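Trainee: Listed below are the residues making up each chain.
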Amino acid sequence: MEWGGILEGALQQGLGPAAIVYCLAAIGLNVHFGYTGLLNFGQAGFMAVAGYALASIVATWGLSFWLGLVVGLALSVVLALLLGVPTLRLRADYLAIVTIAAAEIIRQTVGSVSLLEYFGGQDGLQQFVDTFAGLNPFTTPMGLGPVSWRPYDFFLLCVGWTVVALCCLIVYLLMRSPWGRVLKGIREDEDAVRSLGKNVYAYKMQSLIIGGLFGALAGFMTALQHAAINPSFFATDTTFFAYTVLLLGGAARVLGPVVGAITFWFLINVLDLFFDQATVGPNPLISASIMTHQQASLMRLIFLGLALMLLMIFRPQGIFGDRRELAIDGR
Amino acid sequence: MVADRIETRDVDPPLRDDQSEAARASLSGVPHEPGAPKPDPIVVADNIVRKFGGLTAVDVEHLEIQRNVITALIGPNGAGKTTFFNLLTGFDKPDEGRWSFEGHNLNGMSAYRVARLGMVRTFQLTKVLSRLSVMENMRLGATGQSGENLWQAMFAPFWRSQEKANSSRAVALLERFSLEPKKDDFAGSLSGGQRKLLEMARALMVEPALVMLDEPMAGVNPALKQSLLGHVKSLREDGMTVLFVEHDMDMVRDISDWVIVMAQGRIIAEGPPEAVMSDPKVIDAYLGAHHDAELDLDESQSGDRNG
Amino acid sequence: MRRRMASVVAFLWTTLLLCCLADSASATTHSPRPPLNEAALNGDSISIKGKLVDTRDSPPTPVEGVQITVLDESGKVVGEDVSDAKGTFAIRLPGATIDVLGQTFTTRIDVETLPEGTVLRNPNQVELTKEIQTDQDQFVTFPIGPNPNPPVSTGTQALQLLVGGIVFSLLLAMASLGLSMIFGTTGLTNFAHGELITFGALAAYGIDTLPGDIEIGGRNVTLAAAVLAALLLSALFGWLQDRGLWRPLRDRGTGLIAMMIVSIGLSIFLRNLYQYLAGADNHNYSQYATPEPWSIGPILITPKEIVVAIIAALVLVGVSIALQRTRLGKATRAVADNPALAASSGINVDRVISVVWIGGAALAGLSGVLLGVTQGFDYQVGFKILLLVFAAVVLGGLGTIWGAMLGAFILGTFIEISTLVVPAELKFVGALAVLIVVMLFRPQGLLGRAERVG
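Protein chains in written order, with the numbering used here: chain Y, 1 to 331; chain F, 332 to 638; chain V, 639 to 1092.
No lab work stands behind these hints, which were simulated from the structure alone.
Keep in mind it's a predicted model, so treat the numbers as computed, not measured.
Treat the hints with care, as some may be off.
Distance condition first, Cα-Cα at most 20 Å in a straight line; then the derived SDA-like pairs of lysine to any residue [said to hold, decoys possible]:
#  : chain 1 : residue 1 : chain 2 : residue 2
1  : V       : K689      : V       : G793
2  : V       : K942      : V       : I852
3  : F       : K564      : F       : L521
4  : F       : K495      : Y       : L116
5  : Y       : K184      : F       : D588
6  : V       : K1065     : Y       : Q108
7  : V       : K1065     : Y       : S112
8  : Y       : K184      : F       : L521
9  : Y       : K184      : F       : L481
10 : F       : K564      : F       : G385
11 : F       : K424      : Y       : E190
12 : Y       : K184      : F       : A356
13 : F       : K424      : F       : G385
14 : V       : K1065     : Y       : L15
15 : Y       : K184      : F       : S464
16 : Y       : K184      : F       : D515
17 : V       : K1022     : Y       : Q122
18 : V       : K1022     : Y       : M175
19 : Y       : K184      : F       : V537
20 : V       : K1022     : Y       : E190
21 : Y       : K184      : F       : Q483
22 : Y       : K184      : F       : S498
23 : Y       : K184      : F       : E494
24 : V       : K1065     : Y       : E190
25 : V       : K687      : V       : E754
26 : F       : K382      : V       : Q1082
27 : V       : K1022     : Y       : E2
28 : V       : K687      : V       : Q705
29 : Y       : K184      : F       : M466
30 : F       : K424      : V       : V716
31 : F       : K424      : V       : L1078
32 : V       : K1065     : Y       : I302
33 : Y       : K184      : F       : K424
34 : V       : K1065     : Y       : L115
35 : Y       : K184      : F       : G385
36 : Y       : K184      : V       : L894
37 : V       : K1022     : Y       : D237
38 : V       : K1065     : Y       : Q122
Work out the full structure, taking the sequences as your base and the hints as a guide.
Mentor: Written out as structure tokens, the structure reads:
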């Protein structure tokens, strides 16, 4: 067992592009769920809409990369409106079911054979990151301490964490304002907020749109990270993982998603690399009759599910959360 | 998208005590009958009907609420009082009927716009915002905040001075309701009675003309009751109109200038407290078939409060 | 806190054990990937093969003596053959496998050499172009004579789809009824319901793959026994879930949203555990995998579909009657209506909820195993239909028992019949879109009551 290698690999992933994707998605969910109490289970849908808009505008229609970004953001706003108009006046769980269904509709539609020529079916699209890669100033692998990344990844990392920082700043500014106070009020009791003369519906819609825009950024990041896009990136579990990230770091905390994403990817990869090493080779640490190499790759998801349950039961305020708020909530 | 347009509203200058005296005095000429016209009504409702399935929960032919007095809405459980409250304030939609507040037609108006007009309610089960501090609860009540607009929210200079003004108003109100020492605590940590006080104080942040209190005494300990009574009376002195639902007959007798009695969705009697409580129709409504029992309305508060 | 922890951990361990029990046999059945054709990689070559038959006759007769030519990308002839007495031809491509991989070859049929009176079904298609992507021999077909499966009329097709839709909706209805009952009594939006469905399918598979057959009076009843065992194991699983996880959470006053997220964690946990135990492959049970369909009028239906539909219908009717008539059923509906009122009128709410979990899980498990019988299953068979189950429940009205069944029927038949106009791969999309539209106009569902405010 090579612990040094495991920790290095895990650190590389913990700070890597995947962590950025889930961090951005979780920032969006933080606005939705953490601050406003909206149960958006379709964050993968916002990501898919934006990611596919970017990829298809460049790869299918041969238009500008920057136009792709704009269209992606615009479409995620449209999606928020489409989802919000019918459901935001209804009970919380309706939004959950409608968003999860909408995300699945989007995923199955872009993956369908009928739209193969636009979205590439199950294989998805490639060849759309040239403009972005062209901006890359790095030519040799770059690193921080013991870990290093390929030039493209390192560039993506710099851009990605800068975007994350900006998003956190925006969330911070919004949530300390009276606007943020209205959202938090809605989370606690929307009727009370309504009785004070606030247009709850409009605030929820604004929240859905803003969180959806952060989801769109996560979608761009997904597409850039793989330099490719396909429907499997946007499965329902993607949203669930983003929720895990959020709850791990602590909901309704500006830096919760950042802490959560880094911790999440670090731990997931420690598990992954550990079980990978433990089941490989002629004389593995864990006998193949108990766990094959193939089964080892499932361990991280088994642990993830377990972690999400235990987290929600025993530490709903997140690992680094404030116990005081928990006591108030009483559950 | 602009969520909160600042709506300009004429806030009546606080009336002096004698003006509210005058308003009360003018009630003396009003006949003691359901739907009686008032000299200076702030709310007028006509033919309000609300059905749930086959059950008619509210069926009010005509009702006027006098400005600048304290009106109590009483009735046995299931009489439709809370439903009527919900209908008036836009939290529920009636099947038919029309009603107005200070001349504004409220038909089909959403709850938040009703509140902005100056008709603010509290809830039977208090709705404090648990994970916000007491101060944040209060500040949320202030209307016309430019910082509640998404575009201005991010830039504190747009709203800082307004926030300061609201905060000092909130502190003044909290002092009046003896909640000032708790101002930085989470609202969820308050006792039941303190929550009632906070909810009332928060409603005042909206600067309402009409305050509608849904069972303000429910679950409040006796020590707090007296000060709550005082607070409600002081609202009238400040020029506000109060309409409240209550089971506590002491309170009804103590502070209300006018009493409206509902039973089975209808208004069955109106009048000053003493007159209403000796009205046989009211006794019937409370006691149903048990005519042999002597009416002591004080006992009626012991019933459970699902109505 | 510690007791709660202990109960949750105990629950998880029991789950593991149950799963291991159910799937002990299946873990060893991983089919290794088909080994690469080593001979091919060591310099052997690929052939283009085919068989010419005339479908005017029944059974079709081979067509002999037809000239077939293969050309490479530049149009050069690289090989030719004449169909033999069995109608088969085979043309070896020049060079080793490794050389032809990725290249494109065109196979041409010489219509002049077709026997007198024989024509291609599509006279214009005399050439077929194929890119060699694998190390396998390539097969090409040139159909001769009429299509043996003539296109059926839309009416018949719709009828056929309707039959399939009804079978599917019966299974969907069982799963939905389970979800709706649990939601109605506990308020839990259970995202791990799909895993209850999969549990049934897997438990039966575990029994089915135990060595030896179960026989009664000389008849092999292995699968029937497995279905029954799956039903019981599912019920046990449901009871355990409630006692070990959900009841402790309810007792400490956990919010509904928190519980919903716990159920998401449970879903991820169980789904991957299932894959760990059963692999990612699609499985079929040992019996009735590929039965001959019966034709009833113009409709084709397999006997197993009929049996599955009858079982499902009987169970649904039985559960409905039980809910309507028995004391426990009435208590269940009372709790769903108003738990506080039910409790104050002397109903043991905890016991009712236990029963609902047992019944709901059994229904879900049974729907899973029957789904597996009709179309095979894998570790996420339940997760794949979870959204449809939600859609059915919401369509009918959240928490209403009849609504769940009605919603399932509408959705199940809609999904199948919609394939008349929608590509089959998008049929679920249509169903989910219907869900959203219903939300727009009738959020309380078809049978739900409009909610009372305040």
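Trainee: Are the hints correct? Go through all of them and say.
Mentor: Quick rundown of the hints versus the structure:
1. V:K689 / V:G793: 34 Å, violated
2. V:K942 / V:I852: 19 Å, holds
3. F:K564 / F:L521: 23 Å, violated
4. F:K495 / Y:L116: It is violated: about 58 Å lies between the C-alpha atoms, which goes past 20 Å.
5. Y:K184 / F:D588: 39 Å, violated
6. V:K1065 / Y:Q108: Holds, at roughly 10 Å.
7. V:K1065 / Y:S112: 11 Å, holds
8. Y:K184 / F:L521: Satisfied, since the Cα-Cα distance of roughly 18 Å is no more than 20 Å.
9. Y:K184 / F:L481: Satisfied, since the Cα-Cα distance of roughly 14 Å is no more than 20 Å.
10. F:K564 / F:G385: 40 Å, violated
11. F:K424 / Y:E190: 18 Å, holds
12. Y:K184 / F:A356: 45 Å, violated
13. F:K424 / F:G385: With Cα atoms ~16 Å apart, K424 (chain F) and G385 (chain F) stay inside 20 Å; holds.
14. V:K1065 / Y:L15: At roughly 40 Å apart (the allowed maximum being 20 Å), L15 (chain Y) and K1065 (chain V) break the hint.
15. Y:K184 / F:S464: 11 Å, holds
16. Y:K184 / F:D515: Distance ~16 Å between K184 (chain Y) and D515 (chain F) Cα, so the pair holds.
17. V:K1022 / Y:Q122: 17 Å, holds
18. V:K1022 / Y:M175: 38 Å, violated
19. Y:K184 / F:V537: Given that 20 Å is the threshold and the Cα spacing comes to 18 Å, the pair holds.
20. V:K1022 / Y:E190: With Cα atoms ~34 Å apart, K1022 (chain V) and E190 (chain Y) exceed 20 Å; violated.
21. Y:K184 / F:Q483: This hinted pair holds, its Cα atoms lying about 18 Å apart.
22. Y:K184 / F:S498: Status holds; Cα separation ~18 Å.
23. Y:K184 / F:E494: With a Cα-Cα distance of about 17 Å, the restraint between K184 (chain Y) and E494 (chain F) holds, given a limit of 20 Å.
24. V:K1065 / Y:E190: 37 Å, violated
25. V:K687 / V:E754: Between K687 (chain V) and E754 (chain V) the Cα gap is close to 24 Å, so the pair fails against 20 Å, i.e. violated.
26. F:K382 / V:Q1082: Holds, at roughly 17 Å.
27. V:K1022 / Y:E2: 38 Å, violated
28. V:K687 / V:Q705: 13 Å, holds
29. Y:K184 / F:M466: 14 Å, holds
30. F:K424 / V:V716: 81 Å, violated
31. F:K424 / V:L1078: 18 Å, holds
32. V:K1065 / Y:I302: 31 Å, violated
33. Y:K184 / F:K424: Violated: K184 (chain Y) and K424 (chain F) sit about 27 Å apart, past 20 Å.
34. V:K1065 / Y:L115: Within the cut-off at roughly 15 Å; holds.
35. Y:K184 / F:G385: 38 Å, violated
36. Y:K184 / V:L894: 19 Å, holds
37. V:K1022 / Y:D237: 12 Å, holds
38. V:K1065 / Y:Q122: 16 Å, holds
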